[in-house]
Structures are given as structure tokens and as C-alpha cells.
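Work out the full structure, taking the sequences as your base and the hints as a guide.
There are 6 protein chains.
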Amino acid sequence: MTSALPPIDDHDASPEVRAIYDDIRKTRDTDYVGIFWRVLANDPAGLKRTWEGLKQVMAPGMLDPLVKEMLYLAVSITNGCDYCSHSHGAAAKAKGMTPAMFAELMAIVGMANQTNKLADGYRVPVDERFKNLF
Amino acid sequence: MTSALPPIDDHDASPEVRAIYDDIRKTRDTDYVGIFWRVLANDPAGLKRTWEGLKQVMAPGMLDPLVKEMLYLAVSITNGCDYCSHSHGAAAKAKGMTPAMFAELMAIVGMANQTNKLADGYRVPVDERFKNLF
Amino acid sequence: MTSALPPIDDHDASPEVRAIYDDIRKTRDTDYVGIFWRVLANDPAGLKRTWEGLKQVMAPGMLDPLVKEMLYLAVSITNGCDYCSHSHGAAAKAKGMTPAMFAELMAIVGMANQTNKLADGYRVPVDERFKNLF
Amino acid sequence: MTSALPPIDDHDASPEVRAIYDDIRKTRDTDYVGIFWRVLANDPAGLKRTWEGLKQVMAPGMLDPLVKEMLYLAVSITNGCDYCSHSHGAAAKAKGMTPAMFAELMAIVGMANQTNKLADGYRVPVDERFKNLF
Amino acid sequence: MTSALPPIDDHDASPEVRAIYDDIRKTRDTDYVGIFWRVLANDPAGLKRTWEGLKQVMAPGMLDPLVKEMLYLAVSITNGCDYCSHSHGAAAKAKGMTPAMFAELMAIVGMANQTNKLADGYRVPVDERFKNLF
Amino acid sequence: MTSALPPIDDHDASPEVRAIYDDIRKTRDTDYVGIFWRVLANDPAGLKRTWEGLKQVMAPGMLDPLVKEMLYLAVSITNGCDYCSHSHGAAAKAKGMTPAMFAELMAIVGMANQTNKLADGYRVPVDERFKNLF
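Residue numbers (the numbering used here), protein chains in the order written: chain A, 596 to 729; chain B, 596 to 729; chain C, 596 to 729; chain D, 596 to 729; chain E, 596 to 729; chain F, 596 to 729.
Derived from the structure by calculation, the hints contain no laboratory data.
Be aware that one or more of the hints could be misleading.
Pairs count within a copy or across copies, as identical chains cannot be separated in the list.
To be verified - Subject to a maximum C-alpha distance of 35 Å in a straight line, what follows is the list of computed DSBU-like cross-link-like pairs (lysine-lysine):
1. K643 / K726
2. K621 / K726
3. K688 / K650
4. K650 / K690
5. K690 / K643
6. K643 / K688
7. K621 / K650
8. K650 / K726
9. K643 / K621
All values derive from a computational prediction rather than experimental measurement.
Rendered as C-alpha cells:
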């Protein structure tokens, strides 16, 4: 598969793009910058916005970093995004996801996709007691 | 909204349906049986299969019960299932999800939906190092 | 709910739109024209194209008319289209779909949505023997 | 494509997994077990639940077995599931789907996907007469 | 419909949230702040990130502001997002979208959704000449 | 990838299919007929209906031809349709889409997909002032 715009190597990157690459490396404690970021680098403002947004969203918070990656993975699988399922699957594994945990995640993704359509297709009205969340 | 088939009250339920209702009450330690199950009860085999499958999938395992509910919720929101977002939102709250945790979940769901489409639209090829999960 | 463009009544319809309304009545042997068509009538060329396409696709062919309506319904439920699930549910019922048949359809829709995501999430490669259809 | 978890061959399968494989062979009157089941076998409880659910849903009922396969196929195509479109396409063909029947199915899938979005985008309110299904 | 978290009025907003509300008013030359932003304000960092991202993406660029709104609207309709179809429909109208232009947009959305599924379902391989975009 | 039905070459085409191929060539001022049309030709009525519908929808109207192609592309990317993203990406480029314009389109597609889910997941009620479009 050829990307719609070419991935940009470090030596072809502008200083602002290079700074984002370096921040990715530092934040993730790796020397590898994924092809996603290198393609997005064709739009430097988009690269910066997306990376900084992702970094903020995935930073330590109320939820455990592994839980965050697994939520990301479950959404990516539901959307059928091949790239993101691969990259966030790898990230979840690096943070401790075992095959058994992945199988549990998959079982939930499968079950939710089934009951989502059952609820929609049977036109089930929302129970009064579920109407207010917070 | 009127459901596609009428919800079945306890007194109209067959013994096999009633047994499922009782198992839902016992498993969840509540006297409330949601409309979803009461509509599904028009197909007793489907009710039994779906309830027992869900019970098995959401039972204690490698993942924390709250994490499981949040995964279910994230998938349901991604699919735009109004009923399931309400019912699993309520279930996650009952298991300890706070507004701040919900906001973190939502930020991940939003970000994943964004990057899923960026990866697809830019046709980003999967990095070699992400190709094998386990 | 207010439609994005107003539904057009018979007495406000241009001759070309009125001719489509009449063809809908004649083809379906009813005096009722659904709101979908009346809203689409704001774009007379779109109304004509869509109605004639639908009439052609749903005409008697290799598949039974009820099977055709059930396929339409299954797709509409999968897409979460509330209007089409209602209108094609009604059409399928008028052609003989019973509650038991609807429940079987729903069970298939639910199961397919589940296994679709299991196959995607587990990245199952297509079996050699399934690669050629015809 | 490499599956997320490795497919499990017969000789590596536990007795409970082997029993499911045998039931697949017997139920389908074939000696072939698809890769989907072999990957799912990494989660023996999930394999059993999914296979037994699928067997129940696709068993002879009110709807013709070929109609059931075509419903499964139409949903799988709508969801863009490559694996399931291949496996259920092959299953439908084995049960009698001809190229002409497949073309009719495809025409319905295409038309439904079009009108689903027209109804949503034009925000067409549901006709009173369509509000109750059964 | 009750939002999952309550909308935050101006007088209950923290200074940082109030500053975003003011920037929305100034950027859009209006005194109205939509409910979307007021609900998102429960997560001040998310409000800031989302608003600043949206402002950047929708700012004058290579594409005409009306074209940008119409692209946003077409995506929102395809995703079945009721809120965004309403808000971006209103924004597109404010920027000059007429009923005839909306009808053209809808015709394209409908046609694309149809051919998307025909291409997927018929498993059409990508033509060599389409493989490289830029 | 092998298509579900074989593409039909000019010399194997019936006169009615050949006439459509010729109209595609003439309308687009090219001698190339894409594989999509050649596969669809297995269903001559479907080929004629789809081509004539597409030709009508994409004909000069209120919207600029390039804007039309970009709307088609944005929808195709949102739906994850690989074939259509390639073919309409190529068509948009041929009509003048530059890499910078494509990057703006992608930024909008990504942002819309994000806010669509935020609005759904937070269950944001539609503002009164957005309820009527035209």
C-alpha cells in the first residue's frame, strides 16, 4: 500500500516537524516514529495538533495507561481501522496486555456490537432509570 | 418510542423466560430487569443465548469489571447505540465510573475516531514492527 | 422532528413530482405516499432517480419480494437508520413477515455484527478456498 | 496478513476445542474448519459460545437456510467485513446462490445504503402508520 | 434528551472555560454558545483542545469556508450524528448554502454511500492507475 | 484481490454494456473504463442505473465539480471504502485538488469524526435554533 502523501524522513523534515518527531521519541521513550506521524507530517499544523491532542488524552489521568490503550484499541477495531488496530494493539501489549486480556477485550467488542444492533433493531426505548448519567 | 415487539412482563412470561429474568436479578443483585431483556423475551432462545453470553463475557476475569463496562460503553458510543450507551453508562457508574473518568473515556473515543479516519484516509501502511501482535 | 426540507403535498407538487407520486401509488397499490418521498420531492430529479431505482431493484426477480424486503431491513438496522427500519419493517410485514421471522432476522443481524468484529479484530486472513466467489 | 493470535491446528487443540472442531465438521458435513474458528480457539469459551450461538441462529427455522446466509452476507458487506463477506459468500453459494441472485442482493445493499443516508440527512420523521411493527 | 453531563452556563464557568466561551463568541461573531461546548466544558482541557482544533481546521485556508462546512456536514450525515448534522447544517446555511445546494450535497452523500458498498461487496480491486494519489 | 464477479472486457460486453462503457469514455473524455464499472457490468441493469445516476449527480450544478468530488471523497474515506477513496481521490486530483487541499479535507474529516462521537457520547440535545434547516 502506498500512502496518499509520502512519509517524511527525519532528514527531510522541517525544524517544526523534527521537533514533533523528537517529542514523540522522548514521550514514548523510543527512537521509532511510526509511519502515521511521518505521513501526517505533510500537514505540519495537523501533525502538531494531532500529536499534542493524543499526548494529552493518553497522559496519566484517572484511568490506567493500559486501560486507555485498550479503550483506544476497542474503538479502532469497532471502526475497522486496520492501521490503528495494529499500532494501538502493539502499544497495549507494550503496556502489559496479555493474550488472555486481549481475548477478553475481543469478547466484549463482539458482544457489544451484537447487542447494539439488537437494541437498535428491536427499537428498545431507554429505561427511565437509565436516562440521567450524572 | 414503541419497541418492535412488546416488552414481556413477569406475569406474562413463560417459565423459561421467567427463569432468565430471575437469573438477571440474582446475577446483578437487583429487582430490576431492563426493557432490552423484556423485548428480547419474544425470542426465548435468543434471550437465553444473549443473556448467558453477556453474563459469561462480563464475568470477573483478567480485566476489572469497571474496565469491562467502560470498554462496552466506548464501543456502544462509537456505534451510536443510544440504548446501550444509556444502559452501560449506568452500569459503569454503578461500578464506580466518575464524571472525570467518563470524560477521559470520551476524550479517547473522540481521539480514536479522529485518528482512525486520518490513518484510513491517508492510506498509511502498517509499520513492520506492528504486524505481529502475539 | 422537522425535516430538513418541507414535505410536499399533492396540491403543491409540480406535474413531474405528481407523476412520481401517482406511480408510487399505482406500483404499491395504495393511496399513501410516505414522507420520505414527499421530502425528496424538493429535488425532483433526485426523487425520480431514487424512486425509479428503488422500483427496479425491488421488482420481482430471482429473489422473493419478502426476501428482498428483509434484506433491505437487515441493512437498514445495521446502519442504524430509524426511518428505513420503520418503513421497510412495515413493508416486510405487509408482505408476510411474522414476529417469528423478524426475530430470526434480528438474531442473524446480531450474530453477524458480532462475528464481523471478531474477524476484523483478530485479523483473520481469508481462507484460500473462500477467495473466489464466482 | 498475520492473525492477532495464531490459528490452532487439530493436533495442538485441547479436547474441548477439538470437540468444537468436530461439531463444526459434522454440522456442516465437511472436513474443513475455517481459520476464523482456529483463531477464536485461543479463547476456548469464546469459541464454544460463538459457534453454538451461530449454529443455533443459522439452524433451520422460519426462514430458508439460503435466505439466512444471504441476510448474513448483506450485513457483512454493509459492515465492510472482508473475512465474513468471503466466508458467508461461499456459504451462500454452496446453498444455491447464483451470480444473478448475488447481483440482486448487491443491488439491494447498495440501494438501502443510499436511502438510509437520504432519510437520515433529510431528517425525515417516521410516518405515523409505520410506528408500530407488531 | 438529557446530556450525560450538565451544560455549564456562563456564570458557573471557571475563568478558563469562560475564556473559551468568549473566544467562540468572538471568532463566530455571535453571542450564542452552543450546547455542545457547554457540555464539553465539564472537561476544560477537552473543551480547549477541541475548540482550538476546530477553529484551526475551519479557519480560512485553501478551501472556501462554505465548502469546509459542507464537507463537515456530509461526514456528519454519513455518520448519522444528529447533533452535528443540525449544527453544521445551520453553519453551512449561514455561510450561503441554499436548499438547492443542500440537495446536491445530499445526492452525492446518497450516491457515495451506495457505490461505497457496491465496490466493497463486489470486492473490486483498485485500478493500477489509481494507486498513487500524490 | 479477486472480484466477486469477473470484470467484463469490451470484447465480451453485450451491446447495452458496451454502450455504457462508451458513454463513460465520452462523458469523462478518457479511453479508460475503471474496474468498478467492468465488474458491475455483470448486472447490466445495475450498471446502467448506477452509471446514469452517478453521471446525473456529478454533472455541473450549483456546486463546483471539484467540490463535488471532494464531498464524494470525504464520504468514501469516512466509510472506509478503499476502492472509492482511490478512484475519487484520483478524480479530485484530476479536477485540481492539490496536496494542501487534500490535507485540509483530511483535517475536516478527522475533526468531524471526532466531534460526531463527542456529541453522541455526551448525548448533547440539539439547540432550538438549529432545529429548522430550511
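Now the hints, each set against the structure:
{"no.": "1", "hint": "K643 / K726", "verdict": "between (38 Å within a copy, 26 Å between copies)"}
{"no.": "2", "hint": "K621 / K726", "verdict": "between (44 Å within a copy, 23 Å between copies)"}
{"no.": "3", "hint": "K688 / K650", "verdict": "both (18 Å within a copy, 26 Å between copies)"}
{"no.": "4", "hint": "K650 / K690", "verdict": "both (16 Å within a copy, 28 Å between copies)"}
{"no.": "5", "hint": "K690 / K643", "verdict": "both (24 Å within a copy, 28 Å between copies)"}
{"no.": "6", "hint": "K643 / K688", "verdict": "both (26 Å within a copy, 26 Å between copies)"}
{"no.": "7", "hint": "K621 / K650", "verdict": "both (11 Å within a copy, 28 Å between copies)"}
{"no.": "8", "hint": "K650 / K726", "verdict": "both (33 Å within a copy, 23 Å between copies)"}
{"no.": "9", "hint": "K643 / K621", "verdict": "both (15 Å within a copy, 24 Å between copies)"}
The earlier numbered hints are all upheld by this structure, with none contradicted.
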